[in-house]
Amino acid sequence: MGIGEAELASITENVIRIMLSLHKSHHDPGPAREQHGAIRSSRPNSTSAIRSSGIAMMTRPLILINLKTYLEGTGPRAHQIADAAQEVADESEALIGIAPGYLDIHPIAMHYELPVFAQHVDGESPGAYTGHVTAEALHSAGASGSLVNHSEKRLGLSAIDAAISALHAQKLTAVVCSTNERTSAAIAALGPDYVAIEPPELIGSGISVSKANPDIIRRSVAVVREINPEVKVLTGAGIQSGECVKIALELGTDGVLLASSVVKAKDPAKVLRDLVSLL
Numbered sequence: 002m003g004i005g006e007a008e009l010a011s012i013t014e015n016v017i018r019i020m021l022s023l024h025k026s027h028h029d030p031g032p033a034r035e036q037h038g039a040i041r042s043s044r045p046n047s048t049s050a051i052r053s054s055g056i057a058m059m060t061r062p063l064i065l066i067n068l069k070t071y072l073e074g075t076g077p078r079a080h081q082i083a084d085a086a087q088e089v090a091d092e093s094e095a096l097i098g099i100a101p102g103y104l105d106i107h108p109i110a111m112h113y114e115l116p117v118f119a120q121h122v123d124g125e126s127p128g129a130y131t132g133h134v135t136a137e138a139l140h141s142a143g144a145s146g147s148l149v150n151h152s153e154k155r156l157g158l159s160a161i162d163a164a165i166s167a168l169h170a171q172k173l174t175a176v177v178c179s180t181n182e183r184t185s186a187a188i189a190a191l192g193p194d195y196v197a198i199e200p201p202e203l204i205g206s207g208i209s210v211s212k213a214n215p216d217i218i219r220r221s222v223a224v225v226r227e228i229n230p231e232v233k234v235l236t237g238a239g240i241q242s243g244e245c246v247k248i249a250l251e252l253g254t255d256g257v258l259l260a261s262s263v264v265k266a267k268d269p270a271k272v273l274r275d276l277v278s279l280l
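In terms of my numbering, the sequence shown is residues 2 to 280.
Hints are computed from structural coordinates only; laboratory data are not their basis. Quick reminder that beta carbons are idealized off the backbone N, C-alpha and C, glycines included. Among the hints, erroneous ones may be present.
[Unchecked claim] Here are the simulated lysine-lysine pairs, PhoX-like style, with alpha carbons at most 20 Å apart:
| # | residue 1 | residue 2 |
| --- | --- | --- |
| 1 | 69 | 267 |
| 2 | 69 | 265 |
| 3 | 267 | 247 |
| 4 | 69 | 172 |
[To be verified] For each label pair, taking beta carbons as the anchor points, the in silico distance ranges come out as:
| # | residue 1 | residue 2 | range |
| --- | --- | --- | --- |
| 5 | 132 | 243 | 37 to 43 Å |
| 6 | 103 | 279 | 31 to 37 Å |
| 7 | 280 | 131 | 41 to 47 Å |
Generate the whole structure from the sequences, applying the supplied hints.
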């Protein structure tokens, strides 16, 4: 059952109230924000239309692999997964992105024609912020964008807002994670490129959200479209097969965010081929 009109109106009203209460002094409203809609290619000379054109990439479902801090996704193993992702992307023309650890962002961005995302970014400007990761640093490393507010790295709404602004100032893509439709509505009002809905109880469970809880996807898609039709929706948690991806897209999403099913696989290329097989 989809979200009701009264509930949607209530969520919208709450989002507007939240937005009005946010302290927006950190925003730069200038032209740096204007062209944030495209995923930045780390290989500008790529001959592939899929990876050289932001518009083309945004119209394709995104398969985004979060390597987290798994040993299986660190160092040489991260490059093996990137090899598999590149191979399957070239075969299928699917849009496959990868979110490695910070130390692997630059080498992967330089050696592969894949959108490379950080797993987190801070909204602070460069300066005296020891231990923070700035959007400027990600841009310099060759990243295409960043995850924000993953359930394993939660942020408050004002910090999410700052992170989105920082990414867009560098023309990087903001993929902001959410656990439910109300949070998705508030995040959509901030204008990220993607909202990724991930019920935390299903992350790493092997139980796909697209099968276990399709209503949360439907409701999230509905509320995000109502708040900001330009924001795209990913779904995550338990995504492990082409059938999961197919169901997610049928529910109105624009791709999937996943981790362990690829990162911990003995043959990542085999899993990735299955994931894109029904696109």
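Hints breached by this structure: 3 and 4
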